[in-house]
Amino acid sequence: MDTTRLLADEWKYFAKGNANLLFKYVGPEESLRNYLLRLRMKKDAGTYIPTLSITEFIDTKCKALFPTEIISTKLVELDDTFLSSLDTNGYDLMPGEKYGLLLPNMLAQCNDHLTLSKHCSLHLREELGIVKSAVIELKPKWLYDNLDNYCRTCSILQSKGHERHFCTLDLLSTETVARGVKDLLGKLPDAIKASLKNSDFPIESLLIEYFGGSESILQKLKAKQDSLDDGTILANVKSESDVSDQLALRMTLRDVGVFVVIERGQCDGQVINIRDHGEFTVAARIYDLDLKPKARYKHWVSTELKLGDVYNSSNSDWPHCVKKTESQK
794 MDTTRLLADE
804 WKYFAKGNAN
814 LLFKYVGPEE
824 SLRNYLLRLR
834 MKKDAGTYIP
844 TLSITEFIDT
854 KCKALFPTEI
864 ISTKLVELDD
874 TFLSSLDTNG
884 YDLMPGEKYG
894 LLLPNMLAQC
904 NDHLTLSKHC
914 SLHLREELGI
924 VKSAVIELKP
934 KWLYDNLDNY
944 CRTCSILQSK
954 GHERHFCTLD
964 LLSTETVARG
974 VKDLLGKLPD
984 AIKASLKNSD
994 FPIESLLIEY
1004 FGGSESILQK
1014 LKAKQDSLDD
1024 GTILANVKSE
1034 SDVSDQLALR
1044 MTLRDVGVFV
1054 VIERGQCDGQ
1064 VINIRDHGEF
1074 TVAARIYDLD
1084 LKPKARYKHW
1094 VSTELKLGDV
1104 YNSSNSDWPH
1114 CVKKTESQK
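Numbering follows this note's numbering, with no gaps: position 266 of the sequence shown is 1059.
Honestly, I wouldn't trust all of these hints.
[Stated by the list, open to error] Lysine-lysine pairs mimicking DSS-like chemistry, simulated, CA-CA at most 30 Å apart: (1) K856 x K1087; (2) K1087 x K836; (3) K1099 x K980; (4) K1015 x K1099; (5) K1017 x K836; (6) K1087 x K854; (7) K809 x K1087; (8) K867 x K817; (9) K867 x K809.
[Said to hold, decoys possible] Computed beta-carbon distance windows for the label pairs: (10) T1025 x N1108: 23 to 33 Å; (11) E968 x T848: 18 to 28 Å; (12) N1108 x E849: 38 to 48 Å; (13) A987 x D802: 35 to 45 Å.
The set of hints was computed from the structure by calculation and includes no laboratory data.
Being a predicted model, the structure only gives us computed values, none of them experimental.
Note that CB positions come from ideal geometry on N, CA and C, so glycine has one too.
Sequences and hints are given; from them, build the entire structure.
Given below as structure tokens:
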């Protein structure tokens, strides 16, 4: 892959996150097809973490936790001409940042995209009306043994006025996984449900089987989040010095994105055989492993204090989350 002569007019604005812009390659270079370029948006210099530091963080801290699940990235150096000529769709890039990340476009083959809720989307690859593969994109957020009426993610979504979709914690237990998957897929339009059924693509059964297993990406994420628990209570953090490296890494893992890819037949991943439907492969990839600046603690503490009254409240439109007692932890 030749990245030494990237041309700005061969990259088209694709999407925006909280801290990054994504650009899709539209030029003639075959080796760059199906790749995205991730560039950092303009942020306060005092809390900004350079791309070079993020790459080092992923290589030295994150890959040891997830040797095979992290989306591959390639660090590229970009000159001022490229950066000044790039159409950023009106957004500002971080001044002085000369590095970007090349990463595979996990949705390159998909031609149908549905946003189901703030933290969940479904992407389908269809050929002649037949679903060939599906990608569930989600942000698992905090995965832990919940002791309150509502988990942290559901508490935040309620506090911001969102409608309930599904609770990620339901996908961690064999007792609740079916409910969680039904809720997750409940937002699908009837036309998409019919297309999946007519395509003999048993997405509900596949997700229940996958998330109900001990090797699902959510189980792995929860185990790593748990292992980084150093006993810090966020509401008690008073300064950057109170933020340990373990806590910073844990907060990174609480904000990653995940692609769950489902394909027909045997591919690289977990092969699942659904009776009367045949073999499918489910594989997961993690992205957005950005190092969190320790100065971010002010936001974490502020959020935690705002949620105090929500955790153990009741809402007729929002069923309580799965809860574990102290003896079950």
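Hints versus structure:
1. Our distance criterion of 30 Å between C-alpha atoms is met by K856 and K1087, whose separation comes to about 21 Å.
2. As the CA atoms of K1087 and K836 are separated by approximately 15 Å, the hinted pair is consistent with the 30 Å bound.
3. About 29 Å separates the Cα atoms of K1099 and K980, which keeps this hinted pair within 30 Å; it holds.
4. As the CA atoms of K1015 and K1099 are separated by approximately 24 Å, the hinted pair is consistent with the 30 Å bound.
5. Straight-line distance between C-alpha atoms of K1017 and K836 comes to about 29 Å, which keeps the hinted pair within the 30 Å bound.
6. A hinted pair counts as satisfied when its Cα atoms are at most 30 Å apart, and K1087 with K854 qualifies at roughly 16 Å.
7. With a C-alpha separation of about 24 Å, the suggested pairing of K809 with K1087 holds against the 30 Å cut-off.
8. Of the pairs offered as hints, the one joining K867 and K817 holds, with about 15 Å between alpha carbons and a cut-off of 30 Å not exceeded.
9. Taking the CA atoms of K867 and K809, the gap is near 19 Å; set against the 30 Å cutoff, the hint holds.
10. Against the hinted window of 23 to 33 Å, the Cβ-Cβ separation of T1025 and N1108 comes to about 29 Å, which satisfies the hint.
11. With their beta carbons about 40 Å apart, E968 and T848 fall outside the hinted range of 18 to 28 Å.
12. For the pair N1108 and E849, the beta carbons lie near 43 Å from each other, so the given range of 38 to 48 Å is met.
13. Between A987 and D802 the Cβ separation comes to about 41 Å, which falls inside the hinted range of 35 to 45 Å.
Taken one by one, the earlier hints fail for this structure only at number 11.
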